[in-house]
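A.B. asks: Given the coordinates of chain C, assemble chain L onto it according to the supplied hints.
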Amino acid sequence: MSARDAILNRLRHRRDGALTAPVSDFSVVTEKQWSPAEKRDLFQQKIESVHGEVHRVRHDNWLEKLKHLLAEKQVKNLLTPQKAQVGLDVRAELSESDIALLAYDQPIEGWKAELFSHVDAAITDVRSAIAETGTLVLWPDADQPRLMSLVPPIHFAILDADQLKNTFHEVITSERWGATEKGGEGMPTNALLISGPSKTADIEQTLAYGVHGPKELIVLIRE
Amino acid sequence: MSHNQSVKEFHPRVHNAIANPQIRANFRKAMDGLMDKRQQAFPSDDELERTRELAAAIRLRALAKLPELLEKLEANLTAQGIKVHWAEDGDEACKIILDICQQKKAKSVIKGKSMVSEEMELNHYLEKHGIEALESDLGEYIVQLAEETPSHIIMPAIHKNTDQISDLMHEKTGTKKSRDVEYLTAEARQQLRERFEKADIGVSGVNFAVAETGTLCLVENEGNGRLTTTVPPVHIAVTGIEKVVENLEDVAPLLSILTRSATGQHITTYFNMISSPRKEGELDGPEEVHLVLVDSGRSNIYQDDELLDTLRCIRCGACMNHCPVYTRIGGHAYGHTYPGPIGSILMPHLVGMDDAKDLPSASSLCGACGEVCPVKIPIPKLLVRLREESVAGNSDHANSVVKGRGVKRNRVESLVWKGWAKMHKHGGLYRTGTGLATVFRGLVPSNLGAWTNCRTAPKLAASTLHQQVKARQQEKAAQDKNQGEPS
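From first to last, the protein sequence lines stand for chains C and L. When the first sequence is numbered by our numbering, its final residue is 223 and no position is left out of the sequence of numbers. When the second sequence is numbered by our numbering, its final residue is 487 and no position is left out of the sequence of numbers.
Check the hints yourself; a few may be wrong.
Unchecked claim - Derived, one-sided and incomplete: chain C residues facing chain L with beta-carbon distance under 10 angstroms:
{"hint": "1", "residue": "Ala18"}
{"hint": "2", "residue": "Ser27"}
{"hint": "3", "residue": "Leu69"}
{"hint": "4", "residue": "Ala71"}
{"hint": "5", "residue": "Lys73"}
{"hint": "6", "residue": "Asn77"}
{"hint": "7", "residue": "Ser195"}
{"hint": "8", "residue": "Asp202"}
Derived from the structure by calculation, the hints contain no laboratory data. Using N, Cα and C, we set each Cβ at its ideal position, and we do this for glycine too.
In isolation and in its complexed conformation, chain C is listed as follows:
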């Protein structure tokens, strides 16, 4: 008998008999609801508490703010999406600037060394965000691959205030992340929750940022 069959067989023929599943009451999660303004404030408070940097901007001035931040952080090159609207806007705005606009336009194998050592910052949009925990939700794809939000030392994320949800549970249920057979969309290759820059407390519980991922996470909330 294969290990698989032997294990499943033992689990099926339980000595103490079949088990009954208890009811799960999700009300403690679903009752958490805030107004749009509260959600924005809570998101900001939570992500700032873990060293995330937040700027509230408007749809008509966010590019100005971004340019200012890029200068302040002395960013020489910026990994920018080629299809997402955020990427198109940034490309249009910065085409004349002296910041080099990089594109993730080939498989990682072709430019691993460059991505790991020579990219100053990356910018991405987000799918949604979570107020309760100060969390960005990303579904990386071919235009904004997985390593974009991870390898460069600075990650700029552009969030629209109306993308804010109350809880992770609300994100999963309202965006129908569940199984396709239950009417859900099904899951992408990789779904990510990001709440602040990379950090560790493995040396005597002292917090240090940027241990493997970005040292800085900068969120522009467009209202």
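C.D. replies: Only chain L this time, still in chain C's reference frame:
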């Protein structure tokens, strides 16, 4: 298991740890901090209790449907292109991973944190077969440099302070000696980045495996888990069979209570959900993803209604953070992969009671572990159950699934307790026995083994409680009689 030192050394190890002021200080400071942070993360008792109820119910539901959920997980992962393997024990799991490495002609493996891989001693196994296995979680990296094992399931290097880590990194990697944690962290980042670029295979653990969607979830702060599961061309995830949950929505409350219980964080920096290898057109992520499901005694625990609760665990470490014994002796003194209260109820099943017989007794039964457990595992009750199992005779727990049951049984001790039980069931015997004990009380030795190492031997009273009550009643009757007569 090679690094699990002999159980015979348990007591000397405890003595050494207690006599080491550095270990005492490092753990005291860390555990005080963690308890404090957890408390702040749960400002509302009502919310905490209801979330614990929900989390426990979710885990119980997953266990109630375990075989069908494992099959569903396997079917979904397979359909999405992730290859699923099953292993009866750690050795089989190591072999499966080695086979994949050899097929891929892999020379180097980079690892995200995985306690199951510690349990099966994967690093040693791979290295024995000429494959380098490098830990990339900072704490695990430090522990690996020191050629030690983790002393805590969440914070592997918690037993070391900054000076010790600085000296270690200086000696092994040539960094400057420094108390600057930012500097040490930045150096480790640089050293490990080079290794990530070159690694052939990434190995990670799994926090939750979602059956409904075929999704592997990983919780972390550093980003090394994301690098491990994204940069190398092959990703192998390894996990215990109990880690499966039914639905995607189940993950939300579990994640919330896991991070808050573990380190008092409202959420970790990254929650990484993987459902397939790189798809056509995607530009990064592994081309190949494997999941190795390991049993290692878990399906045995599953047989027993009481022991089953052990499998609810989501590995937050709150039980050790709040354990007065763990805080004083540290993780290494236990001598096993999982230290602290959860280790004491889990290890006897993973390695057998023969090798873990002292663990269920390494507790004061104060109850703190059970009170803080986010999935309400009755840890103290299970410790008592395993103590019973460790001294069980043929007729006690006759159907037991505990390997090595009765290993601590001592004929004299069991006879004494049998006599004790008989005496307490028979009034005449009880009165005669306690009466004799008071008569011969002078013969009680002052040395009663371990009990009197740090206590004085108890002294029996000159008369039994029964005798004293009887005497009082007689006295009172006599008084009443006297009062009743005219003076």
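A.B. asks: Could you run down the list of hints and mark each one as holding or not?
C.D. replies: Evaluation of the provided hints:
1. Ala18: holds, 8 angstroms
2. Ser27: Holds, because the Cβ-Cβ distance from Ser27 (chain C) to chain L comes to roughly 8 angstroms (cut-off 10 angstroms).
3. Leu69: violated, 21 angstroms
4. Ala71: violated, 24 angstroms
5. Lys73: Hint on Lys73 (chain C): violated, closest Cβ of chain L at ~17 angstroms, above 10 angstroms.
6. Asn77: Hint on Asn77 (chain C): violated, closest Cβ of chain L at ~18 angstroms, above 10 angstroms.
7. Ser195: Holds, because the Cβ-Cβ distance from Ser195 (chain C) to chain L comes to roughly 5 angstroms (cut-off 10 angstroms).
8. Asp202: holds, 4 angstroms
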